[in-house]
Structures are given as C-alpha cells and as structure tokens.
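> So you can see what is in the structure, the chains are spelled out below.
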Amino acid sequence: MSALNPANAAPMPARRRSPWRSRVVIYGLLLIFAVLYLMPLVVMVMTSLKPMSEITGGNMFALPHDLTFEAWAKAWGTTCVGLTCAGIKGYFWNSIKMVVPAVFISTMLGALNGYVLTKWRFAGHRMVFGLMLFACFIPYQSVLIPMAVILGKLGYIGMNLKDMTGYSFGFGNATANLVLVHVVYGLGFTTLFFRNYYAAFPTELIKAAQIDGASFFQIFRRILLPNSAPIFIVTVIYQFTNIWNDFLFGSTFAAGDNAPMTVALNNVVNTSTGVIEYNVNMAAAIIAAAPTLFVYIVAGRYFVRGLMAGAVKG
Amino acid sequence: MTATAVPAAAPMRARVTLRQRLQDALPKLVLAPSFLLILVFVYGFIGWTFLLSLTNSKAFSNFNFIGWGNYLKLWTWTFETDPPSNWYTAIVNMGLFGGLYVVCCLIIGLGLAILLDQKIRGEGVLRPIYLYPLALSFIVTGTAWKLFLNPRIGLEKAMHDLGWTSFHFDWVVNPRMMIYCVAIAAIWGSAGFVMALFLAGLRGIDGEILKAAQIDGASTFQTYRRIIIPMLRPVFLSAMIILINMALKSYDLVLSVTGNNPGGAAELPSTFMYSYTFTRDQMAVGSASAIMMMMTIAAVMVPYLYSELREKSR
Numbered sequence: 001m002s003a004l005n006p007a008n009a010a011p012m013p014a015r016r017r018s019p020w021r022s023r024v025v026i027y028g029l030l031l032i033f034a035v036l037y038l039m040p041l042v043v044m045v046m047t048s049l050k051p052m053s054e055i056t057g058g059n060m061f062a063l064p065h066d067l068t069f070e071a072w073a074k075a076w077g078t079t080c081v082g083l084t085c086a087g088i089k090g091y092f093w094n095s096i097k098m099v100v101p102a103v104f105i106s107t108m109l110g111a112l113n114g115y116v117l118t119k120w121r122f123a124g125h126r127m128v129f130g131l132m133l134f135a136c137f138i139p140y141q142s143v144l145i146p147m148a149v150i151l152g153k154l155g156y157i158g159m160n161l162k163d164m165t166g167y168s169f170g171f172g173n174a175t176a177n178l179v180l181v182h183v184v185y186g187l188g189f190t191t192l193f194f195r196n197y198y199a200a201f202p203t204e205l206i207k208a209a210q211i212d213g214a215s216f217f218q219i220f221r222r223i224l225l226p227n228s229a230p231i232f233i234v235t236v237i238y239q240f241t242n243i244w245n246d247f248l249f250g251s252t253f254a255a256g257d258n259a260p261m262t263v264a265l266n267n268v269v270n271t272s273t274g275v276i277e278y279n280v281n282m283a284a285a286i287i288a289a290a291p292t293l294f295v296y297i298v299a300g301r302y303f304v305r306g307l308m309a310g311a312v313k314g
Numbered sequence: 001m002t003a004t005a006v007p008a009a010a011p012m013r014a015r016v017t018l019r020q021r022l023q024d025a026l027p028k029l030v031l032a033p034s035f036l037l038i039l040v041f042v043y044g045f046i047g048w049t050f051l052l053s054l055t056n057s058k059a060f061s062n063f064n065f066i067g068w069g070n071y072l073k074l075w076t077w078t079f080e081t082d083p084p085s086n087w088y089t090a091i092v093n094m095g096l097f098g099g100l101y102v103v104c105c106l107i108i109g110l111g112l113a114i115l116l117d118q119k120i121r122g123e124g125v126l127r128p129i130y131l132y133p134l135a136l137s138f139i140v141t142g143t144a145w146k147l148f149l150n151p152r153i154g155l156e157k158a159m160h161d162l163g164w165t166s167f168h169f170d171w172v173v174n175p176r177m178m179i180y181c182v183a184i185a186a187i188w189g190s191a192g193f194v195m196a197l198f199l200a201g202l203r204g205i206d207g208e209i210l211k212a213a214q215i216d217g218a219s220t221f222q223t224y225r226r227i228i229i230p231m232l233r234p235v236f237l238s239a240m241i242i243l244i245n246m247a248l249k250s251y252d253l254v255l256s257v258t259g260n261n262p263g264g265a266a267e268l269p270s271t272f273m274y275s276y277t278f279t280r281d282q283m284a285v286g287s288a289s290a291i292m293m294m295m296t297i298a299a300v301m302v303p304y305l306y307s308e309l310r311e312k313s314r
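For the record, the sequence lines run as chains A and B.
Counting in our numbering, the first sequence runs from 1 upward without gaps.
Counting in our numbering, the second sequence runs from 1 upward without gaps.
None of these hints come from the bench; they were simulated from the model.
Wrong hints could be hidden among the right ones.
Okay, derived cross-link-like pairs now, DSS-like style, lysine-lysine, Cα gap no bigger than 27 Å in a straight line [claimed, not checked]:
id	chain 1	residue 1	chain 2	residue 2
1	B	211	B	73
2	A	207	B	28
3	A	97	A	153
4	B	119	A	153
5	A	74	A	89
6	B	119	B	249
This one's a predicted model, so the numbers in the text were calculated from it and none came from an experiment.
Okay, chain A solo, but in the shape it has when bound (with noise of 0.2 Å):
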C-alpha cells in the first residue's frame, strides 16, 4: 500500500475516498434507510387521499387512484372526537391558544435567568442552576398528582370568583392550566438555553456598561437581546415542538372540549365504535403533524441545534 510511504500518504485527504465498490455501499445503505425514514409518512399521506374502499381492498403502497379531499375536509369539520362530532379545527386552536403565551412566557423568563446565572453570578448561583436543570429530566408522573389537587383547587377559586363577580378572572380555564404547567415545565430547558448561550458572551462588555452606569435591564435590553437572536429562535422551535407535542399533560388536565390537538387526535383515532376510517385518521394525523414539521422545513438548522442543546447538557 503506497500510504506505507509517508512521502506518498502526506498529500491525502484526511479521510481517504473509498474506491467505488464501498461507495455503492454506503450510497445504498444510505438510500434504504432514507427510504425507511420516508416510508410511514409517504404511507400517511397516500392513505389521506384515498377512499375507504381503496383502503380496506387496495394495497397501501399503491398510488391512490380515485384521488379525494373528502377525509381531509372530515377530519377537519366533521369527525367525531369523543361525543362531539365537529372534526378536529376546535382542538387545532386549543392548541395555538396554549402554545404561544406558554412559548413566550417561558422564553422570555429562560433568558433572564440565563442572564443572572452567567453574568450576575451569586454565591450559591451553581446550586440553584443544578436544580433547575434536574427539573428538565424528571418523570412528570411523579408531579402529575399534586398538580391535578392544585389546579382542582384553582377551578374552585374561579367558581367562587364567578359567583361573586361573574367573571373566573382565568382561574380553572384549561388553556391557562396547561399555560402555567408548560411554563414551569419548560422553564429548565429555557434557563439551559440561554445560560450556555450567555456564557460565552464577553463579560467584558457588561463590565464596561456597568461601569457606564447601565442598570441591570437596561444591560438587558440594549447589550444582551439585540446579539441573542439565534438562541431566541431555537429556544422557541424547541418550546414550540416540545409543547404542542405533548400529551401527558394535555391529557390529564385538559378533557373533552378543551384538550390540545395531540389528545384529540388520540380520542378519534383510538375510538372503539363504529368503523375505523383510516383515511380521516391519517389525515387528521397530518394536520396535527403540520405545524411543527412546518417548523422543521423552514428552520431545520435551529431546530437541530436545539435537540444537540438539549442533549448536551452542563
């Protein structure tokens, strides 16, 4: 082998190109498990736009050959979940309504605490961080039961608060319920976020603006939001995916009318009467997929540096 010659190897890339016989390999590895990955989805769609009586006798890799609409707009308007039978478009905004304040106002609270634990460093600031990036990785199941008590409790207030002044002021509304669970469930991740991101950037600077007699917020605002951009955008993808995927929760705390989109979807497709029509199922599986792989196209980047965030941790 000529890399036994130093002379010879020294020029190489550092990772050599495979002759053509491994390259067919890989490319074909590559491909099947592309294929493998594209697969269910492709599936998923197909199975949407066909009709039932090409489903049930039909082969499911077949293209659909009477191409229709019809599931998609029955999912959408009028499929039953549960005993009500208006399609899924009321559970889709239940969803929006719980996830933007949640991604908000978890953000936002992510990034000033980022701001604290690395630039406003207090004795005991490693403690209070160990704890609330232990918070990320806890079982909701062992929070699931005094959460039901209290939130129980808060309806009560806004039963009382109803008759008294005929207004519930938010207590006992499910999307605030589940609004204040995804806060306080999503606040360790945001605080990872931005205190890794915060880390990095040049204390020196805060230093200077102190020392030009900028206050805390306003180092805040004016040094600190205008560079932090990018971690905005993969906390909210994150925050994002994360809440509008969730299911434990929503589930528990959110029933009939009020559920997200992800324990609707569950309720129409795992309902034992009548006949299972796979096609509305599907595509009611689509629409509940749709905003956050809407996201992923169009901000694929960030929503991988997200996960690799999330993963890494410390």
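For chain A, the structure is supplied; the task is to place chain B on it using the hints.
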C-alpha cells in the same frame, strides 16, 4: 471639592446605598420567581407524591399514613409471574423496550453518522430525512406505525399482494408482541437524533490524528475501531443517558401504537402509574410507582449532571 459640599453629600450617599442595595438584589429578585416555581412545582410536588405513596389514598388523596405498604405491594408484585401482575408486566416490558431502544438507536445512529461522514454527495438531503421524525409528536408517530404494521391493510397485506403469501406479521395486534412494535416506532423516531449527536462528534475529531493513522498504514475499518469510536466515548455516554431517560419516560407512544394499551399488554411503569392513579382508584400505589420511576431516573441523571457541571466549572 469644597467643604460646603460635604453636608449635602451625606444624605445623597444614603440614597445611593439604598438604590445600590436594590440594584444588588435585583438579579436575585429576577431569578427568584422562576426558582420558586421550580422548587414548589418540581421538588415540592415530588415530596408531596412521596407522602401520598405512604398513605392509603384511593380515588382521592388523603393523609392516612400506612408506612411502606404500597412499596411492599409493588415489591411482591415484581415477583408475581403467574398470572403476571401489571407491575411485573410493566417491568419486563420496560427492560425489553428500553434495551432494544437504547441499543438499536446507538447502533443505527452511529452507523448512519459514519456513513454520512464519508464525504458523500447529498448529505444535505439525507440528514433532514433521518431527523424529521423528531418533529412529530409520539401520537402521530404511533398512528402512522399502527397503520403501517396493521396486518389487514398494512405491511402484511402489501407483501401478500407482491406475491409473498407466507409473510406473516401481526405483532401490532398480538398482545404478546405489541411492545416490540412500540420499540420499532420509538427507534424510528429517535435514531436520527443519535445520528446527529455522533455526526457532531465525528466532525469534531482532529483530521491530523486520522492522517497520522493513515500514514501508519491503518485501514479505514481499523481507524474507526481503534481510534475514532474510542474517541467518541463522551458522545456514547451522553446519547445513552438521554436515551435511557427517554425510554423510562415513554408514555404517549405506547398508547398510540397499541390503541390505548388494551388489557395492559404493553404496560410500562408510566402507563401503570396513570391507570392505577386515575382509573383504578389506587392513587397511593400509583404514587409509589411514580416515585420508583423518579428514583430510577435520578440514579441515572444525578451522577451524569453532577460530573458535567463539575467539568464545566473547572
């Protein structure tokens, strides 16, 4: 300065120190609400759940303490194999599912990362394909795989249509095999993430080291086995910890792949906790199982996070 300024300065200084003190406390005041939320809603609630696990709570929580009875119950159920108790099924399934999930994700993830790292064309197209399942909620993933593996309209039917009539695959409706289908869907959902972790690790390896190995005459296989994979040990550790954490918390996927876990065939500790707490009116047993989950995760995560944090601060 003249002496006349001195009396004027004295009250000013007092005002400055007051404002200064506020300014000093401000960072802590900003962090305090978030930290308090986490202390109460995470650690306080875990404590509350622990207290409940020592009571005889049924449908509603009470505080009639009975000691360790619920944990003893779980302990005896662990060995109750004939007929298997739900807890026994949950633990066996957790081992099967968790083991398959962690091992397969690591193998597929590392394999894909190495293949993608061979200076191939089209990496920008392939990588997003392996990663998109991460944007989907587990309910959507489960719905897709449930259809895909359905023997009447899915894979088995498609294979029969192609002429392979002896092909038989009904795991998704076979109570004894359901958990493997959950594992397939879960591996499909997470292997791309592990790939991204390994790819980042591979890209971080110094090309000089590889060049030196080549000069010494090492083959590609040897270079990977002896040099690159050992250098990826920290990535292995992170990936494994994250995967174990995700496996222990799996919940939504079980429900959606199996159709709400009929007869508890695909029981996991998470579904066990939910059904005992909210449908079987044995809240205390549910709490005890939640605490068992919590302890398992803590045993994995605390040493890991501790070492990560300590490394960082060095």
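> Quick check: which numbered hints come out false for this structure?
1, 4 and 6
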